[in-house]
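Colleague: Full structure from sequences and hints, please.
Numbers 1 to 225, taken from full-length UniProt numbering, label the letters of the sequence shown in order.
Check each hint, because a few of them may be wrong.
Each pair of labels, with its calculated beta carbon distance range [what the hints assert, rightly or not]:
1. Ser218 to His87: 45 to 55 angstroms
2. Ala201 to Ser143: 36 to 46 angstroms
3. Thr5 to Ile56: 22 to 32 angstroms
4. Ile164 to Asn36: 29 to 39 angstroms
5. Val25 to Ala136: 30 to 40 angstroms
6. Leu33 to Trp214: 21 to 31 angstroms
7. Leu33 to Leu72: 36 to 46 angstroms
These are calculated hints, taken from the structure and not from any lab test. Every residue gets a Cβ at the ideal spot worked out from N, C-alpha and C, and that includes glycine.
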Amino acid sequence: MTQHTVRIWDLPTRIFHWALAACVVALVITGKLGGNAMLWHLRLGHVVLALLLFRIVWGLVGGRWSRFAAFLYSPARLLRYLRGMPHPQDDVGHSPLGALSVFSLLAVLLAQVGTGLFSDDEIAFAGPLSARVSNAVVEQMTSYHEGIGQYLVLGLAGLHLLAIVFYVRVRRRLIRPMLDGDKLLASAVAPSRDDLGSRVAALLLLALCAGLSWWLSSLASAAGW
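Modeller: Right under this line is the structure:
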C-alpha cells in the first residue's frame, strides 16, 4: 500500500507542545517545594500564560491541522469514534478523543493560570492582580488554585500520558509526528503550512503574547508588591 508523508504539525505547534509540557512539570515541582521556589513558580506561570495565549490565537491562524476548526468534532462523531467506527480523517491530526483532551487541558490550564494571578498564600507568593480585588475574591481564587485546580491539572496530565502509552503500546502509533511534524498516511491530505513565513509570524505572535504576560506581571510592582 502506498503511503504518503504529510506535514501535519507545524514547528510552532511542536515547540508549544513540548515547552508547555516542560513548564507544567516545573510548575508542579516548584509549587510542591514552596518557599523560594515560588518565585520560579510565578515566573513559570507567566510563561505558561504566554504559551496559552499563543496557542489560542494559533488555533485560529496556524497550520491547517493545528487550527481548532480541524478538530472541533460533534458529540455524535466522538461517539462513533469510541464505538470503533471512525471517520477516515479522524486520526490525521487530533482524533476526537485527543481533541477532547486538548480542549480540556487548555481550559483547565487557563483556569489555573488565571486564578494564580489573583492568588495569595500570605507567605511567599502573591499573584500580580491579587491587590486589585477584594479579600473574598483572593480567598476564592487561592482556594481553587491550591485545591481542585491543581488536581484537575494533575489528573488531565496523567490521562494524557496514559493515552500516549496506549497509542504507542496498543495501537502501535508513535509520537514521532510531534517531533518531526510528519505523518505517514494511507491517503494524501492537505498539509499544514510550515514555511519560513508562518514561523516568523508565529515568533512575532509569541512575542506579543509574552509582552502581554510580562505587562500583567508588572502590575504587581505598580500595586506596591
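Colleague: Please test the hint of 22 to 32 angstroms on the beta carbon pair from Thr5 and Ile56.
Modeller: Once the Cβ atoms are compared, 29 angstroms apart, the range 22 to 32 angstroms for Ile56 and Thr5 holds.
Colleague: Between Leu33 and Leu72, is the Cβ distance one that fits in 36 to 46 angstroms?
Modeller: About 38 angstroms separates the Cβ atoms of Leu33 and Leu72, which means 36 to 46 angstroms holds.
Colleague: Just to be sure I understand the hint, the distance between the Cβ atoms of Ile164 and Asn36 should be within 29 to 39 angstroms; is that true here?
Modeller: holds, 33 angstroms
Colleague: Is it true that the C-beta distance of Val25 to Ala136 lies inside 30 to 40 angstroms, as the hint says?
Modeller: Cβ of Val25 to Cβ of Ala136: about 33 angstroms, so the range 30 to 40 angstroms holds.
Colleague: Cβ-Cβ distance between Ser218 and His87: within 45 to 55 angstroms?
Modeller: About 47 angstroms separates the Cβ atoms of Ser218 and His87, which means 45 to 55 angstroms holds.
Colleague: Given a hinted range of 36 to 46 angstroms, is it respected by the beta-carbon distance of Ala201 and Ser143?
Modeller: holds, 40 angstroms
Colleague: Can you tell me whether the CB distance of Leu33 to Trp214 sits inside 21 to 31 angstroms?
Modeller: holds, 24 angstroms
Hint compliance for this structure: every hint is met.
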